[in-house]
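Protein chains in written order, with my numbering: chain A, 1 to 81; chain B, 1001 to 1256.
Hints were generated in silico from the structure; no laboratory data involved. Quick caveat: nothing in here was measured; it's all calculated off a predicted structure. Honestly, I wouldn't trust all of these hints.
Claimed, not checked - Facing chain B, a subset of chain A residues (Cβ under 7 Å, in silico):
| # | residue |
| --- | --- |
| 1 | Gly13 |
| 2 | Pro17 |
| 3 | Ser21 |
| 4 | Arg24 |
| 5 | Ser25 |
| 6 | Leu65 |
| 7 | Val70 |
| 8 | Ile71 |
| 9 | Asp75 |
Unchecked claim - Only pairs whose alpha carbons sit at most 20 Å apart, straight line, appear in this in silico EDC-like list of lysine to aspartate or glutamate:
| # | chain 1 | residue 1 | chain 2 | residue 2 |
| --- | --- | --- | --- | --- |
| 10 | A | Lys41 | B | Glu1156 |
| 11 | A | Lys64 | B | Glu1170 |
| 12 | A | Lys20 | B | Glu1188 |
| 13 | B | Lys1070 | A | Glu59 |
| 14 | B | Lys1085 | B | Glu1038 |
| 15 | A | Lys38 | B | Glu1156 |
| 16 | A | Lys63 | B | Glu1111 |
| 17 | A | Lys20 | B | Glu1156 |
| 18 | A | Lys64 | B | Asp1076 |
| 19 | A | Lys63 | B | Asp1057 |
| 20 | A | Lys64 | B | Glu1009 |
| 21 | A | Lys38 | A | Asp53 |
| 22 | A | Lys11 | B | Glu1156 |
| 23 | A | Lys64 | B | Glu1188 |
| 24 | B | Lys1070 | A | Glu60 |
| 25 | A | Lys41 | B | Asp1057 |
| 26 | B | Lys1072 | A | Glu27 |
We treat Cβ as the ideally placed atom computed from N, Cα and C, and that holds for glycine.
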Amino acid sequence: MLKATITVRLKDGIDDPEGKSIRRSLELLGFESISEVKVVKQYIIYMNYNPQDGKNMAEEMVKKLFVNPVIHSYDIRVEEI
Amino acid sequence: MRVAILQMEGTNCEEESYIAFKETGANPEYLHINNLTEGMLESYDMIFIPGGFSSGDYIRAGAVFAARLKAKVWKDIVDFVESGKPVMGVCNGFQVLIELGLLPGTEGISEVPQAALMTNNSNRFECRWVHLEKINDTMFSRDVPNKIMLPVAHAEGKFFATQNIIKKIEDNGQVVFRYISPDGTEPEYPWNPNGSINNIAAIVNSYGNVFGIMPHPERAYFPFQHPDWTRNPRNIGDGYYIFRSLFKQINEAKSR
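Modelling step: build the complete structure from the supplied sequences, incorporating the hints.
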């Protein structure tokens, strides 16, 4: 069994309104000295492939669905479990 | 004029859109993506992608709808667009057109998205009436007055692209509507409800036949749908002008 972990984040310099409002909430809860909060999305996909095919498959998924290259960067980690 | 109103799990503005097309004199038909097969779209005069929350807005608004259309009938859609027939997306439909790479289409259809409709600056669902200024005459806006009001209802509507693409969109005259403040000045929040770059609310592709708009013309089709309809009588709703522009254009093109 293969476990692919795909992490999608906003590129540097792109506004993250969700992160900003979470930061505000944390400050209201009394957490101090927070300079920035960034929100990422992680997809964990279990599949029955060999590592190379699994990696290719995850790349395809990213291209077809998970990422808009204008605003997102991503990384993929594939491991056998 | 046969209009294909595409449906998917989670679209929810198809009924108002259907009524708007019907009242304008067109022949709208619902077409669910599950029933869509190759060669089917060709017989229609127009494709309309309605608003809503296709696939629950999972991953990104419009991403799943776009990916499924691409997997199923991409070639048909490309042929349709290249034949010059109109394609229109409202709200979630606009997000789908961006994800498909049909918009902004500064140099034709692009393989990967050239722009994004991102989470609103407020990080909230923005649901209110906004003022719009018409910037360019297109087949979707020719009969529209210079200033209109339409309602927005979205959480991901901030138009974003690189400066290079924004410049091309502006230079090509592809901006159709911008948000403005009620007194006609540069809009601050909430008059620009989402933080869109250059206050962009609606664009066309460079050829002028693919149109995406965040506010909902179909929700302002009748005068009584306007919030001030008792105080400010009008003969028709502001959204009607967009449907009328289209209808006239298509009928003229057909009779030629």
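| field | Numbered hints the structure breaks, given as an ascending list | value | 1, 4, 5, 9, 11, 21, 23, 26
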